[in-house]
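A.B. asks: Here is how the chains run, residue by residue.
Number of protein chains: 2
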Amino acid sequence: MNQFSIFTSHMDTNCQNPERHCIGCEFKSPLFYFLTTDELNLVEKNKITVHFKKGETIRKQGTYMSHVISVNSGLAKLYLEGIEQRNAIIRIVKPTNFIGGPGIYLDQRHHFTITALMDTTICFIDVAVFTDIIDKNKIFAHEFMKDFSKNILSVYNRLLILTQKQMPGRMADTLLYLFDEIFESNSFSMHLSRQDISELSGMSKDSAIKILREFQHDGIIHLTENQMKLLDPEKLNMISKTG
Amino acid sequence: MNQFSIFTSHMDTNCQNPERHCIGCEFKSPLFYFLTTDELNLVEKNKITVHFKKGETIRKQGTYMSHVISVNSGLAKLYLEGIEQRNAIIRIVKPTNFIGGPGIYLDQRHHFTITALMDTTICFIDVAVFTDIIDKNKIFAHEFMKDFSKNILSVYNRLLILTQKQMPGRMADTLLYLFDEIFESNSFSMHLSRQDISELSGMSKDSAIKILREFQHDGIIHLTENQMKLLDPEKLNMISKTG
DNA sequence: GATTTAACATGCTGTATATCAAGTATATCA
DNA sequence: TGATATACTTGATATACAGCATGTTAAATC
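Protein sequence lines correspond, in order, to chains C and L.
Just so you know, we're using numbering that gives the first Met the number 0 here: the first sequence kicks off at 0 and counts up by one.
Just so you know, we're using numbering that gives the first Met the number 0 here: the second sequence kicks off at 0 and counts up by one.
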C-alpha cells in the first residue's frame, strides 16, 4: 500500500462522515490531542468540514482569515504569490497537518494561498475560538508554538537553499523533501506538476524539466506517466550536499 | 541630529547605568511595557546587561539559547549561516528591538548568529522566566506573538525578493529597508560593509559594489567614506518595482 | 474522429551574475 | 618608517539560467 492509497483512504472514510465528532476523529491534527474534552467539543461546535476538488483554491492570499485549518485527507500546496504570477511554494501540506500562519495574531489575513493538489478534505476552525483556547490551555499553546516554530525553521532553510545552491542542488533538496518528508516513500504518484516542482525549487518550469531529465539519465530517479521513483538516494544526497 | 547620534546617545546613557531598573528604563523593547510591575521586577532580577564592541559575536547559531534579547543601544545584524561561509542576513536589529526566535519553544537553540555592527548594549533575559510570564500574561503573550509574526512576514518577503528579483531590484529593496525602516533617514553612517550589504541582497560582494556604483552614477545615492545618502527616492522605488 | 487544449520536452540564444585577477586606498602593526 | 593586512574597486572571462521557438504527446471537447 503506497502513500497515495493511504491519502485516499483518509479522504473516503471522512467524506462519508463529514460532521463526525472531533473526539475520536483520527484525521485531526496531532495538535488537538492536547485539548481537553470540553475544549474539543467547543472546537467541534465551531468548525466546518469542506471537501475540495483537485486544483481548487482553499484559501487565497490577502483574504480575511476567519478560520485556522486542519487537513483531514488529500494533499495541498501552500505558496507565496510573488512578482508577475510567479509563486514560491513554501510547504506541501499532507494529512493530518495544521495550517495557521502569521496572520492569526497580526492582522487576521492569509499571507499565502493554499490550493488542493488532489481531492482534499479540510476542517476550518473558528480563529477566535482557537486563540481563546490557546489563552487558556498552556500545554496546547506550547504545542502550537512548536508547530509554528517548525514552519519558520523550514522557511529559513528554504531561503538558504534557494539563494545559495544552484539548480541541481535545489532540485535534489526538493525531491528529498518530497520522498522523505511528504510521501515518506521512495516512490509516489505525481500529484505535482512540473510547474509545482519548479515553484518548490525556485527555477523556471523549463529548467526543472531539464534537471529532472538529467536525473533520470543519471539513474537517480525514474519517471513514468504518473509516478516518480527514487533509484539512487545516495547520489541524490550527494548532489544536495555539493550544491 | 541624525540617526547615528541617537544610537550613540542611547548607548552612552545606558553604559553609565548598566544595572538600571527595568521600570523607567527607556531602552527596553516596547514589548515589556505590557508587563505588570511585578513581572518587570522579576525580569530585572533575571536579566544581565552586556556591552559588545563592534564586530563581536553576540550569539552564535547552534548554541544553547539560555536568554532572549533586548537591544538597548547600538546596532546588530542577524544572519543565517549558509553553505561555505556564505551568510544570509535576514534582519538588522536596532534599539529597542526584541530578539527571540524559533528556538524558544522548539529546541532552546539559536537558529541564527547575531553580531554587533557597532558598539552595542544588550539585555539578556532568562528564557524560562520569559516563557513563564507569557504563560501568565495573556496581553503580553499576544504582543509577543505579534512581534514574532512580523518577523516571519519579513522573512516571507525576503524570500520572494531574493528569489524573484534581479540584482538592481534586490539592491534597491535593501537600500529602501536601510533608509526607511532601520535608520529612518535619507542618510546614514556606514556601519555596514559592502560584504554586509551583499549578504542582505543575496549577491556576491563584487556585484554589490558594482550595483552601488551604478546607483551613484545614476544619481540615486551618494557614497562617501562613511556615509550613504539617498538623493533620488523616486528612482529607487521605481527600480524596486521593476525588478 | 477531428479539433482543441494542456502538460511535457528540448535545442538555441542572450543575459544576468559569479568568479578571477589585478589594483588602489586605508588602517594596523612591528 | 616600512610592511602587512583589510576593505574597496574595476574590468575581463566563464557560466548558470531564463526565455523563446518548436515539437510531442495525451487528454478533453465537440
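Hints may contain errors.
Since copy identity is lost for identical chains, a pair holds within one copy or between any two.
[Unchecked claim] List time: in silico DSS-like cross-link candidates among lysine-lysine, alpha-carbon distance up to 27 Å:
#1 46 - 59
#2 59 - 240
#3 204 - 240
#4 46 - 145
#5 149 - 59
#6 137 - 46
#7 137 - 44
#8 137 - 204
#9 145 - 228
#10 149 - 137
#11 209 - 59
#12 234 - 52
#13 135 - 149
#14 52 - 137
#15 135 - 145
#16 59 - 145
#17 59 - 204
If you are wondering where the hints come from, they were derived from the structure by calculation, not from laboratory data.
A.B. asks: May I ask which of the numbered hints given earlier this structure violates, with the numbers listed in increasing order?
C.D. replies: 8, 9, 11, 12, 14
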